[in-house]
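Novice: Residues per chain are reported as follows:
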Amino acid sequence: MRAPAAALRDWTGGEPRLVLTVCARCGNHWYLPREHCPVCGSDDTDELVAAGAGLCVAVTHVHVTTEAGAAPVWLTLVELDEGPVVMGRASEGLAPGDRARVSFLPDGDGLVPSFTREDDR
Amino acid sequence: MSALLSGVGLTAFGKQPGPDSVEWQCAAADLALADAGLDPLEIDTVITGYSTVSPHLMPANVFAERFGLRPATAFGMNVGGATGLAMLANAARLVEAKSATHVLVVAGENRATGQSREASTRTLAQVGHPTYEVPLGANIPAYYALLASQYLWSHGLGPEALAELPVQMRAHASRRLGAQFQKPITVADVLASKPIAEPLRLLDCCPVSDGGAAFVISRAATSDRSLTIAGTGQAHRHQHLSALEPGSTGAGTAAQRALAEADVTWEDVDVFGIYDSFSITLALLVEELGLVPPGRAGAYVRAGAFEVDGRFPTNTHGGLMSYGHCGVGGGMAHLVEVATQLRHERGASQVAGCDVGYVHADGGVLSAHVGVVLRRRGR
Ligand SMILES: [Zn+2]
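One line per chain: the protein sequences are Z and R, in this order. Taking the numbering used here as reference, the numbering of the first sequence is continuous, increasing by one, and the terminal residue is 136. Taking the numbering used here as reference, the numbering of the second sequence is continuous, increasing by one, and the terminal residue is 386.
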């Protein structure tokens with residue numbers, strides 16, 4: 016089993032990167048922390064730092080926020096070139112079908128991933 | 008041996024200030040017991056859904072004490088919007104195993120008037136991942152909006168395709184007593200309504216409501232109005248949107264398990280109750296179930312397929328989008344409506360000659376799925 020303390024830190028721990036997990040037995044890839052591969056049940060896994068680019072498959076402009084009066088936020092789902100789909104903030108203008116690349120923006124005490132159209136860079 | 012659905016109860020949904028959650032539960036339970044023709048003391052098992060307004064460690068005990076029951080077995084359940092049907096599935100298993108004689112399943116909540124909209128949105132945001140999703144500013148409408156964006160883009164559709172679904176739900180609700188919203192709407196009304204999480208607009212989203220619903224599940228029929236719970240099926244493949252496998256959310260798996268247990272196919276099913284928290288929820292569910300080809304839900308609805316006299320009469324009470332959504336009870340209203348249809352008691356909106364019904368609920372972000380096949384006895 017992957018000891019959580021030994022896991023590579025990612026943006027949720029202040030490191031500006033997306034970390035994926037790869038199952039050493041069946042090759043399945045995933046994004047959120049899991050102890051076992053949901054396809055084959057193995058706990059023999061490796062971590063992989065994502066290159067940070069992929070295909071934008073969804074964008075929403077969220078007007079209803081949990082904090083009253085908070086500004087609307089753009090969110091996206093990006094299918095990374097490594098396979099898994101990752102949620103992030105989106106820069107305005109990013110649309111499904113665009114190539115997208117991640118950067119990390121300060122937010123409160125931490126970082127959040129934010130995706131921009133690749134040809135805008 | 009199959010368990011029987013002997014009683015159903017459904018209050019009106021809407022903004023109805025006054026009763027608290029347990030009082031809505033009691034109101035719905037009274038209706039279900041009267042419908043089953045049972046005395047409260049004949050109930051030996053109570054299963055209760057959660058309330059977001061009044062969260063409690065022991066919701067079934069709180070309800071049972073207040074209602075005036077001392078059941079042999081009592082417990083609460085939490086699988087989001089699928090909780091109502093999951094409670095029914097577990098009640099059916101208890102009855103089939105002869106561990107229960109009459110099970111009362113109940114839920115109710117003053118979700119519309121018991122808390123602020125911000126508090127409600129914040130509680131429901133728990134459906135998202137606390138470190139990977141919620142800090143981005145995501146909430147339930149945002150998760151479904153992302154699914155809607157992906158759906159529209161991948162099928163080359165505009166938002167009017169999804170707008171057909173709330174229009175149909177409203178048409179059904181206009182003919183159903185107790186529905187929260189009854190004034191007919193058009194596709195143009197949906198597209199002009201306030202943006203919530205684009206591409207979803209206000210009329211693509213269910214409201215929050217005050218109300219309650221209850222079922223009685225029994226080992227033997229209590230009258231000739233009792234229905235057979237012919238099959239149940241579940242699937243639980245992920246919690247968070249970031250772990251959802253597109254096209255294989257578990258909806259189809261749960262449905263196939265329920266159909267197989269009932270030994271029926273879609274050809275045999277006459278009337279449907281399909282969870283519709285958002286327009287996109289209903290579109291994705293009917294497509295993954297295999298009722299409608301991918302990307303075609305809006306076109307099918309526009310052609311009348313979900314109407315009372317269509318091929319797939321669906322949510323003839325108006326669904327969550329127009330009958331309303333009081334939490335766990337919201338997903339139970341679909342089953343009450345299908346039961347009413349199968350008893351041939353739906354009056355002017357009766358689906359002609361229906362014998363078999365299918366009800367499907369999902370919780371979270373298409374995370375927890377429960378399907379139920381109901382059948383008229385002797386058919
Ligand atoms: Zn594996």
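Treat the hints as calculated values from the structure; they're not laboratory data. Backbone N, C-alpha and C define an ideal beta-carbon position, used for all residues, glycine too. Take these hints with a grain of salt, some might be off.
Stretches of chain Z that chain R covers, calculated by requiring three or more beta carbons in the stretch to come under 8 Å of a beta carbon on chain R [as the list claims (entries may be wrong)]:
no.	stretch
1	55-66
2	84-92
3	102-108
4	113-120
Some chain R residues flagged as far from chain Z (calculated, every beta-carbon gap over 10 Å) [to be verified]:
no.	residue
5	Y139
6	A145
7	P300
Novice: Please confirm whether A145/R is truly not at the interface, meaning its C-beta sits more than 10 Å away from all C-beta atoms of chain Z.
Specialist: Since the minimum Cβ distance to chain Z is about 6 Å, A145/R lies within 10 Å and the statement is violated.
Novice: Taking the shortest Cβ-to-Cβ distance between Y139/R and chain Z, state whether it exceeds 10 Å.
Specialist: Violated, because the least Cβ-Cβ distance between Y139/R and chain Z comes to about 6 Å, which does not exceed 10 Å.
Novice: With a Cβ-Cβ cutoff of 8 Å, does the stretch 84-92 of chain Z contain at least three residues near chain R?
Specialist: holds (count 5)
Novice: Can the stretch 102-108 of chain Z be counted as covered by chain R under the rule of three residues or more with Cβ-Cβ separation shorter than 8 Å?
Specialist: holds (count 3)
Novice: How does the coverage statement for the stretch 55-66 of chain Z fare against chain R, requiring three or more residues with Cβ below 8 Å from a Cβ of that chain?
Specialist: violated (count 0)
Novice: Please check whether the stretch 113-120 of chain Z has three or more residues whose CB lies within less than 8 Å of a CB on chain R.
Specialist: Result for this restraint: violated, n = 0.
Novice: Say whether it holds or is violated: P300/R keeps its Cβ farther than 10 Å from all Cβ of chain Z.
Specialist: holds (20 Å)
When held up to the earlier numbered hints, the structure conflicts with 1, 4, 5 and 6 and fits the remainder.
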